[in-house]
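Participant: Chain residues, written in single-letter form:
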Amino acid sequence: MAATASSPRASRWTRLPVIAQLRQSVGLQRGMLVTGLVLTAIFVLTAILAPVLAPYGFSQLRGPDGAFGAQQPPSAEHWLGTTQGGYDVLSRLIWGSRTALLVIIVAVVASILVGVTLGLISGYFGGWLDRTLVVIADAIYAFPSLLLAIVLAIVISGGQSSMWGGILAAALSITVIFIPQYLRVTRAEVIRIKSEAFVESARVIGAGHARIMTRHVLRNSTRTLPLILTLNASEAILTLAGLGFLGFGIEPTAAAEWGYDLNKAVSDVTSGIWWTSVFPGTAIVLVVLGLTLVGESLNDLADPRLRKRAAGAEPVEDLGVDPAVPGAAATPETTKEAAR
Amino acid sequence: MTDLVEIRDLAVTFATDAGPVRAVDGVSLAVHPGEVLAIVGESGSGKTVTAKSILGLLPETATVRGAVVLRNKDGGEADVAQLSGARLRQVRGRDAAMVFQEPSTALNPVYTVGWQIAEGLRAHGRLSKKEARAQAIDILRRVGIPDPETRVDHYPHQFSGGQKQRIVIAQALALDPGIIVADEPTTALDVTVQAEILDLLRRCRDEFGAAVVLITHNMGVVADLADRVAVMYQGELVEQAPVRELFESPQEAYTQQLLAAVPRIGEGLARAEVRAARRPEDWDEQEPLVSATDLRIVYPGRFRQPDFVAVDGVSFAIKPGEVLGLVGESGSGKTTIGRAMAGLTRVSGGSLSVLGVEMNGARERRIRPIRSRVGFVFQDPATSFNPLLTIAQCVAEPLVVHGRAESSDDARARVDELLEAVQLPRSYGDRFPHELSGGQRQRASLARALALDPELLIADEPTSALDVSVQARVLDLFDELHRELGFAALFISHDLAVVDMLADRIAVLHRGKLVEEGTGEQVLGNPQDPYTRRLLASLPVPDPVEQAARRAQWQAEAS
Amino acid sequence: MTTTSEAPTTRAGAPRAWAKKPGGSLGRYIAVRALLIIPTVFILVTTVFVLMRATGDPITAAQGGRLPADQLAERIHEAGYDRPILVQYLDYLGGILTGDFGTTLSDRRPVTEVIVTFGAATLELAFYALIVAFLVGIPLGRLAAFHRDRWPDAVFRVGAILAYATPVFFAGLLLKLVFSVWLDVLPVAGRASTRTELTLSRQDGATGIYLIDALKTGDPAIIGDVLAHAVLPALALGMLTAGVFLRVVRTNVISTFGAGYVDAARSRGVPERRLLRKHAYRPALIPIVTVVGLQIALLLAGAVLTESTFEWKGLGFQLAQYLQARDFVAVQGIVAVLAVIVALTNFIVDIIAALIDPRVRY
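Protein chains in written order, with my numbering: chain A, 423 to 762; chain B, 328 to 886; chain C, 52 to 413.
Just so you know, these hints were derived from the structure itself, not from any lab.
Any given hint could turn out to be false.
Below 25 Å or equal to it, Euclidean Cα-Cα: the simulated SDA-like pairs (lysine to any residue) are [to be verified]:
hint, chain 1, residue 1, chain 2, residue 2
1, C, K329, B, S455
2, C, K267, C, G256
3, A, K616, B, R692
4, A, K616, A, T554
5, C, K329, B, G488
6, C, K329, B, G452
7, C, K329, B, L716
8, A, K616, B, L716
9, B, K457, B, F486
10, A, K616, B, S455
11, A, K616, B, D480
12, B, K456, B, D480
Using the sequences provided together with the hints, build the complete structure.
Facilitator: Here it is as structure tokens:
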């Protein structure tokens, strides 16, 4: 406690999301958080280094020794075998991470921008605009996201597409589904923050709406965003894969996509060919697992009720008298409150 | 007779992220049969932890050393600190029971109160459902719930706060325990309800023969109910004495300071006279800064529910340099009036003129010019600062907004001046709000409110979240600043004694209506309205001798 | 004030905050909540229409490039897609009011007929999956909450996250691979073997729900056959939902387990297991029911994928077929109907949640 009190600036980097939580976590939570971060890091690195890591191109059908051949079991040339279409499974696995990452980035950035802005306006001003937005958001929120994504995929790309067409179709359809979530969460936070005394205090001081919204409300209401971000990122992958599985994915010549590969692997399974489905499927599971573990641990650490232990204690009043008690510098009453 | 509870050298440590925290250290205490032992202390004193250890109710993160010996009516005894599992459950409720601070959270909302009382009974004996229900009805009747045969099947939300606390006490009494531990049993309640609950707790001792361990920070409550007092400070037992002895001649410095800090009605009279004497001669003729005429504030009901009239036809005026104290219980509309004066709540009817601007129907644009002339201090020091800004940035905010400074760095010289004025070290400007204690934050809040040298200050329960000794220092500071700067103020509080210390005139609100207004001398010395009288009568005086006399008189009047 | 958890992982219902004001009677609550269905359905149906028609008409989308321009124009005119969009919209809304969701392009069937024919199979699958989800998710969620932060909690939680992280079609493929191909103990796909299907379809007054129809025949071989086909799809879809249930139950029970009244009951000597069973679980049930109700949406999306994986001939399977055939009128119709179903289910769930809560009931 003394350290934070004397040098608030020096400890600023530790207040960054994720790093702060990592320092705060203990035991099982730390294990979950670290596992999640490691899996996510592997995923991101694979996506970035795909051209270096992948033995072949994602749409490559033949090597120097001629065609790969379809449905070849794992071998020295093709570690994870080849698909029904004659592609190398490992290469498509690695290139697929790139598609997934791009979809996540586009979807999350677009939905955060729109959702947070709408949530801020909706929560701050209230009134009929707020009520309308909430009803619309609730309606879309309750709707099966995959169905909405299908409809949007049809609209955006007519159902089949190039790499960027496919990525944008998947990402934007996911965006539409996420906007209500960001809107709801931001709005709830804004409404909570708005009734806090420090925002009322800014109003009493005479600060304008723009100043209050940007300086006092916005930054304080982004607390839960890292958490939803991770959860939505994993939902983005699942939706992308679901679209691909239903045949709305990206053409194999345009980019590699795990859901498409799984779609093509359905008939393989019946004849006992396992490598075409197990590897892309496992890739999806691991990436979603990693992101969800990060999100869940952040959630646990953010919610004091789910938290294992209380954080640092409150500063103590300087009472001016010292009845021979050597500074027991914490208040158990408040510590206990926080532990509840 | 032997003691019911014997705490020997108790030490409790909590494991936290910041390392182990010693909450209670070397406390030895005994509770005699049929007595009310009050454990008094401010937040962080370890009083609640000590009390909870009697029932073994500490969380898993706590490590307990020492012994807590509990003796039951049959003569059996057990060291609660060593018990666990089924043995501990046997003791809980049967030998010792607990009454909680917040009656609304101590009752499960999805079960009837009868079910919840019966559950405790059936956890300890083989009773049929019918027998348990009959006992539940009986105990509800004995704690003064009218029509218990019907009420036994009602859910908690169908009772008022005071009734809920009666039910919680009934639950505690149900198994006829030798000892009842009451943790701040009246803190969440209004003064008039508090008096009734204190009466009921007294009956727990007199009629039910239970010893009561009363945890409280309120010296008035101690004076009213306790037989013996134990004072705790930062985990240690400071002093133990019979109640009259303690109040008459406290031995330890901390106890003396604590008692001196308790506000008493009548203390403000001298201060008010000094202030009145310093006013200019033509003061009586000066225009009031604030005047309300038939002020009405209504919160519209949603979905055809009836509107809630928070303020109903209130008229008052505040002249330059004058402090008006606004007193009332929860729901009286006192905070609403303060918020309306600051333009935070819309006025529905009548007139409210603040610094020459009519607030009824005024738009934000009309109100903004007077904002620099009005300061506001909020109730909860924990939330009144933006957690992401430093104290200096927060205090500079009004200066920046009103163009007196380019940026918060630019305003730093003035900020330092302000911090010094509220007796905070300059270096605290670089700290974040969570690094300050409640009292320090409330002082910084005063600094922010006074940054633009306002003519009017609105203080909404500025000390109700603070400990007594901290409250005393903040009130002194307020008085001092008022003397130097001469602002007019609306001081809102639920505590008559606090208002009395600072206010020139006192207005009493009851359910949105102004029932009485006058100088402190008039309102507190010779109240005319029956509600004001009841409010005064319910307020326990922090002096056991006087309080006993008052109670005798009160009971004589009632019978 | 509120004890319900608004954790963003869980989908808590917003309409609830609207109507659940103290003092509101149950009757008014139901009425207000029922009125709220209208805008919800309206918005969903409109969203689907606007999105589907934003880029053009369904016939161009389906046939564009394959038909000469004049034939295409003729077809469009026949179907009325050359009228002003507003007129088409009103026509569409009017149709929905009378229960007409349009006629499919590919096989010229009314969408309502498609729904009735294939809805039973989806209903059956959803029912099986819900049973799996309830049997697995709720007890394990309670156990995890009780053993919170100890090893059973860790195991259940990681299991729940894995269940969520596994796409339902991948889970389906794995189950097929293991149980149907390698172990060869369960059928690969379909709702029943061909002979059973024939028997059931010949039956008088067939409901289309195979389990009921099979029970009516009383033939153990047929019942066994139907059940054997249901195991893998029910597990695949059920485990996904069970994972969500487990997390919702765990979070909410933990938060009520820390409530003041649990401590109060503990101080009266109530045993720990009873504290969990009675005092923590029952109040937690209110948010749990609401959140679980919202999983109907998840379940429907999952059903589409599960049906495609197992060739389970229900609405989802049919939807995928129409998607392949680029029959967007059918897609629009089916999606609109599903939207109405979701809105109605959420309404029913909210009423159930209100019935559990005495604060609304009285």
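Participant: Kindly indicate which numbered hints from before are broken by the structure, ordering the numbers from low to high.
Facilitator: 7, 10 and 11
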